[in-house]
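Asker: Chain residues, written in single-letter form:
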Amino acid sequence: MIGDLKNGTVIEIDDINKTENKIKKWYRLDNAAKIYPATATSVWAAVFRVSVTFKDEIDMEKLQIALERTAKRAPAIAARVRKGFFWYYMEPLDKKPVLQPDVQNPCMKMSADENEGFNFRVRVYGKRVALEVYHALADGTGAFIFLKTLAAEYLKQKGINIPEYNGILNCDDQPEPEEMEDGHNKFSQFRINEKRTDKRAYYLKGTKEPFDEVHITTGILPCDQVKKRAREKKLTITEYLAGIYCYVLYKIQEDENPRRKRPVIISLPVNLRPYYNSKTMRNFAYFINAGINPNYGDFTQDEIFEEIHYFFKHSLNEKYLNAKISKNVSAERNPILRIVPRSIKDVAMNFTYKFVGDSRNTSTLSNLGLADIPGEMNDHIDRFDFMLGRSRFTNVNCAVVGFQNKLVINFTRGIKEPYVERAFFRELVKRGIPVEIESNQEVE
Amino acid sequence: MSYCVNCGVKLAESEKSCPLCHCPVVNPMDSECSPEKLEHPYPKRRDTIKNIIDRKFIISVMSIIYLLPIVICIAVDTLLRGRMTWSVISTVSVVLCWVIVFLPYLLDKELAMFYTSIDLIVLVGLFFSIAWYVGNYRWVWGIAIPTAILAYVIINVTVYGVSRGFLHNLYTGAFVLGATGIFCVILEVLIWNYIRRFLDPARNFEYWSAYVFISCIIIAGLLCYIERKKTLKRGLEKRFHI
Ligand SMILES: [Zn+2]
Numbered sequence: 001m002i003g004d005l006k007n008g009t010v011i012e013i014d015d016i017n018k019t020e021n022k023i024k025k026w027y028r029l030d031n032a033a034k035i036y037p038a039t040a041t042s043v044w045a046a047v048f049r050v051s052v053t054f055k056d057e058i059d060m061e062k063l064q065i066a067l068e069r070t071a072k073r074a075p076a077i078a079a080r081v082r083k084g085f086f087w088y089y090m091e092p093l094d095k096k097p098v099l100q101p102d103v104q105n106p107c108m109k110m111s112a113d114e115n116e117g118f119n120f121r122v123r124v125y126g127k128r129v130a131l132e133v134y135h136a137l138a139d140g141t142g143a144f145i146f147l148k149t150l151a152a153e154y155l156k157q158k159g160i161n162i163p164e165y166n167g168i169l170n171c172d173d174q175p176e177p178e179e180m181e182d183g184h185n186k187f188s189q190f191r192i193n194e195k196r197t198d199k200r201a202y203y204l205k206g207t208k209e210p211f212d213e214v215h216i217t218t219g220i221l222p223c224d225q226v227k228k229r230a231r232e233k234k235l236t237i238t239e240y241l242a243g244i245y246c247y248v249l250y251k252i253q254e255d256e257n258p259r260r261k262r263p264v265i266i267s268l269p270v271n272l273r274p275y276y277n278s279k280t281m282r283n284f285a286y287f288i289n290a291g292i293n294p295n296y297g298d299f300t301q302d303e304i305f306e307e308i309h310y311f312f313k314h315s316l317n318e319k320y321l322n323a324k325i326s327k328n329v330s331a332e333r334n335p336i337l338r339i340v341p342r343s344i345k346d347v348a349m350n351f352t353y354k355f356v357g358d359s360r361n362t363s364t365l366s367n368l369g370l371a372d373i374p375g376e377m378n379d380h381i382d383r384f385d386f387m388l389g390r391s392r393f394t395n396v397n398c399a400v401v402g403f404q405n406k407l408v409i410n411f412t413r414g415i416k417e418p419y420v421e422r423a424f425f426r427e428l429v430k431r432g433i434p435v436e437i438e439s440n441q442e443v444e
Numbered sequence: 001m002s003y004c005v006n007c008g009v010k011l012a013e014s015e016k017s018c019p020l021c022h023c024p025v026v027n028p029m030d031s032e033c034s035p036e037k038l039e040h041p042y043p044k045r046r047d048t049i050k051n052i053i054d055r056k057f058i059i060s061v062m063s064i065i066y067l068l069p070i071v072i073c074i075a076v077d078t079l080l081r082g083r084m085t086w087s088v089i090s091t092v093s094v095v096l097c098w099v100i101v102f103l104p105y106l107l108d109k110e111l112a113m114f115y116t117s118i119d120l121i122v123l124v125g126l127f128f129s130i131a132w133y134v135g136n137y138r139w140v141w142g143i144a145i146p147t148a149i150l151a152y153v154i155i156n157v158t159v160y161g162v163s164r165g166f167l168h169n170l171y172t173g174a175f176v177l178g179a180t181g182i183f184c185v186i187l188e189v190l191i192w193n194y195i196r197r198f199l200d201p202a203r204n205f206e207y208w209s210a211y212v213f214i215s216c217i218i219i220a221g222l223l224c225y226i227e228r229k230k231t232l233k234r235g236l237e238k239r240f241h242i
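Protein chains in written order, with the numbering used here: chain E, 1 to 444; chain V, 1 to 242.
Derived from the structure by calculation, the hints contain no laboratory data.
Remember, predicted model here, so these are calculated numbers, not experimental data.
Heads up, some of the hints might be wrong.
[Said to hold, decoys possible] On the chain E side, residues computed to face chain V include the following (Cβ under 10 Å): (1) W44; (2) P101; (3) Q104; (4) Y125; (5) T207; (6) E209; (7) D212; (8) T217; (9) P418; (10) N440.
Beta carbons: idealized from backbone N, C-alpha and C, even for Gly.
Turn these sequences into a full structure, and let the hints guide you.
Answerer: Put into structure tokens, the structure is as follows:
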């Protein structure tokens, strides 16, 4: 059957026993991905973006070939999400995706008739190739594998030899079933129910923009200097940035001086693949909600660093993660819940999302880490970008990725006022880290 | 290459003002570089999202569901009686429900005056269909239409007052209360007048609306007073906060 896929013919069988080691025609949506189609509205869906900026002008024809080959190799992303009666499901599409020109407002909801029905799109502007993915298909790491593979395949088309494949896929190989697995479901072994006790978090206020407007502010930092500052405090880069971000948000709330102070909570997605040695390209992240409660007293920057550092240490051990994942999966295994029609599940999930999901954190900071690509590609790539789309609830979110000495921080904002990123980048400048800023603001 | 004097960040050459503080970039050395030639990080082209299709689809599905009782009622009525009788009333009622619920959703604009006018017209139509069925038009002219028009006026004046800022906070509540009081008085006059003319010429005026009116006016006056006295309002908030 895998041979069929390569030749571009339609796959026919769907017997689970027979196709266990092959790419199936449809998949249950990942446990972690179920929330995304349920909470999507007619004008909004959770979409995020990873992009690569090359050093040379882009050869569109070669990029198109590379895209087609990459889509064949990675059916986890070259797919679409559809409605079933009881659940949503995901089906790999055997069509050819088409390159699109880039836009000023990235990460808008994809329409069903766009790009041959795929729930991802590749957009080109200048020397930059951007991949926008519907979150129900994959998380940042999964999409990043696709982007890196696309970049490698494109460079190969241009005649650059890439002998090793660390962190990327080889388009001459066949797709592997492990790349399609639902990590949450596979690795949950315990049945511990942990109660959610988090309170409503501090909410960043501002003038809401119309749904099709989004403000992007990009800060480019020298990686080595950030690393040095973080080392001084014995922190990782994620902990260091989260600490500063949390401190900045805490100070913003202090300045507002509200009658009732809310906890300042940052949602930090953690890639679970290294913990479980998983190769999946779909959703396999765990959200740590780290932060402080200003009602406990005044916090200094160092106290916040410590708080976040120990929270990471506490949350990221295998036993704790096992328990958390099991909790996420238990609802899905409940036989009564399973036979509730999808539309009713949607309403319930929307309700949960509104009152316990996103309202429990002030903002998201998603760090993809340092881009891991074969050394042969280094000379041809200028930088990588990672960007979240507008969130339905929180007004400001932030995504980080590093490559060589460029640490790129993208702020996504659904409100007019840029006060959060201003405070954040000014704080970095105050600490002696030089910051270069660009944005998607329109020029007259 | 420029730095924002406010934020201390380096700005990409494409930025004509600092994206963080909107402080304009002034760099006298940059004059030879024309802004058109600069490569901006994002193009001008924008993504548009189609929203209309969804809305129309929902409306059409719901309209079909609304059509069902109309069709069934008319069919049953004409089968049993040979012509439309009571089914006229049910048809107009369903149309009224549709107009109230779906018209604002369909147009998706804030046109309170327009929506309430249509609602009023269909409501009057419902009155006449009932009157036609029972063969008595007097209550329509005597009570139903004046009451509906009065409610229409009160709703629209309130909406207008709020949208223009004449009414705000507790004043809105005071106005609605006052209008309710007046509404009750006029309603009693209308009912009393109707009973005297058509049912019982010796009927006395009962003054029940006076109790409603007086209590409404007192509470409305209190609300206005509280709204005017900021310190009192704060004190009340302090003692009665939930
Ligand atoms: Zn500035």
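Asker: All hints are to be evaluated individually against the structure, with a verdict given for each.
Answerer: Status of the hints after comparison with the structure:
no.	hint	result
1	W44	9 Å, holds
2	P101	6 Å, holds
3	Q104	5 Å, holds
4	Y125	6 Å, holds
5	T207	14 Å, violated
6	E209	13 Å, violated
7	D212	6 Å, holds
8	T217	5 Å, holds
9	P418	5 Å, holds
10	N440	4 Å, holds
Checked against the numbered hints listed earlier, the structure breaks hints 5, 6; every other hint is satisfied.
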